[in-house]
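Protein chains in written order, with the numbering used here: chain A, 1 to 226; chain B, 227 to 458.
Hints may be right or wrong, so weigh each one.
Stated by the list, open to error - Cβ pair distances, simulated, as ranges: (1) A:P221 - B:W341: 20 to 30 angstroms; (2) B:A272 - A:F123: 22 to 32 angstroms; (3) B:P390 - A:L16: 29 to 39 angstroms; (4) A:A47 - B:A372: 40 to 50 angstroms; (5) A:P93 - B:A363: 51 to 61 angstroms; (6) B:R307 - A:L132: 13 to 23 angstroms; (7) B:T230 - A:P93: 45 to 55 angstroms; (8) A:R21 - B:H235: 35 to 45 angstroms; (9) A:M218 - B:T265: 26 to 36 angstroms.
Stated by the list, open to error - Facing chain B, according to a computed beta carbon distance under 10 angstroms, are these residues of chain A, among others: (10) P194; (11) L195; (12) F212; (13) A217.
Hints in this document: simulated from the structure, not taken from any laboratory. Glycine residues also receive a C-beta, built at the ideal position from the N, C-alpha and C atoms.
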Amino acid sequence: MTETLRLAVVLAAKDLRVERRSRTALVSAVVFAALVLVIFNFARDPATVTAKMLAPSVLWVTFTFASMLTFNRAFSLEKENAAIDGLLLSPMPRGALFLGKYLANLAFVGTVQAVTLPLFVLFFNVGLGQALGGLLLTIVLATIGFVAIGTVFSAMVVRTRFADLMLPMLLLPFLVPPVMGAVAVTTRLLSGRPLSEQMAWLRFLGVYDVVFLTICAMVFPAIFDE
Amino acid sequence: MIPTLDDAHATIRRGLLITALALAGVGAVIVMALWMTPTEVRQGLAQKIFYLHAPSAWAGLLAFSLTGITGGLYLWLRDPRLDLFSEASAEVGLVFGVIVLTTGPIWGKPIWGTWWTWDARLTLTLFLFFLFVGYMALRNALSDPAERARFSAVVGILGLLLVPFVHLSVYMFRTLHPQPVLLKPSAPSMDPRMLRTLLTSVGVFTLLYIGFVTTRYGLSLRREARGVADGD
């Protein structure tokens, strides 16, 4: 188990190193997120809809769309020069491959969120104040599960011709339950309600994470055994 | 385990026979619903669509569950026939999904006053429909049969697991669908003649599902058999 974890960290560190040297995926995802925020600001009539009314939905739509951009990176990177074959031939268990890619994806999505959140506060003039702790917890809970599903799907769609179209089509239905919960909690937190009132949704997000992280780790090896 | 053309044709014939029986059954259900079942007091004739709508929803859900379950079994047993069945079931499920999503709004407009609402079961049906569409799109985008079987099995399993989450999350938003009239703890709150028509229809649609899936499965077998014959 510790060996699997070590190999996973090695793989994730490799992915992050590649990204640090090329800076393609992360920069485009972050710029994309900023652009979505800007577009949303002009896609409303400021006289009738205040920025605050729209803020929670904008935050989550931006998070999910920008995150989705980073998923295809994980395996399209390995497709070049058939690097995936090298990974599969190495004595690394498939579980470590999943965990490594998952951790790297989590780091990417986390970075995109870390940049988007301050921009969101800035553009939409939202006072986080007391709500920050609860919001961070919600973000973590709503991200863990769907990144696992994104990791599994991106490993599959990279083998198809229309990977960039196929991923959103498969993944978006899976995003709806966590996004629904996250938007509900965010709306109430931003209007000053305490986190303790949101336990039902937080539990829901937690169960979603546990179920899908487990099942994704279980089915992932099936993608690669030939 | 290579299917022969004769096996395939026998399966197709069996499927067509069951489908013909089931279609006759659908005719009988329409006759029963219009002339042998009392008209609902408040909804009037619009309620009759329920005898096609609810059984289609049942058949769609059955199709979807079997797609996911046979997908899981495929990953375990690796029998290509399970994958062919999954494919057949998903395609047929898509047809029932379309029936549910068209008959629903036709009823909803006069009764609810709106074609569409984000109620729990509507949303769930729409999701099943999207998942089926994604499932079929992924299948069509892959050419290697073994890869296609494994990948679609993964989507089938994850999709099946998603269903309770979608249902619960939309439920937490509240719902305005007619409350369950059949599968609820107390006795069904329905005129016995209405219940008779509904149960007949559920049986007929289950048969229709079996007929469609058998035919479609036979067509896949025929494709496989021809592929072998052509040395493909």
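Results of checking the hints against the structure:
1. A:P221 - B:W341: 20 to 30 angstroms: Given a distance of about 45 angstroms, which is not inside 20 to 30 angstroms, the answer is violated.
2. B:A272 - A:F123: 22 to 32 angstroms: 48 angstroms, violated
3. B:P390 - A:L16: 29 to 39 angstroms: 35 angstroms, holds
4. A:A47 - B:A372: 40 to 50 angstroms: 59 angstroms, violated
5. A:P93 - B:A363: 51 to 61 angstroms: 31 angstroms, violated
6. B:R307 - A:L132: 13 to 23 angstroms: For A:L132 against B:R307, whose Cβ atoms are near 55 angstroms apart, the range 13 to 23 angstroms is violated.
7. B:T230 - A:P93: 45 to 55 angstroms: 41 angstroms, violated
8. A:R21 - B:H235: 35 to 45 angstroms: 60 angstroms, violated
9. A:M218 - B:T265: 26 to 36 angstroms: 51 angstroms, violated
10. P194: 18 angstroms, violated
11. L195: 17 angstroms, violated
12. F212: Holds, because the Cβ-Cβ distance from A:F212 to chain B comes to roughly 7 angstroms (cut-off 10 angstroms).
13. A217: Hint on A:A217: violated, closest Cβ of chain B at ~12 angstroms, above 10 angstroms.
Of the numbered hints listed earlier, those contradicted by the structure are 1, 2, 4, 5, 6, 7, 8, 9, 10, 11 and 13.
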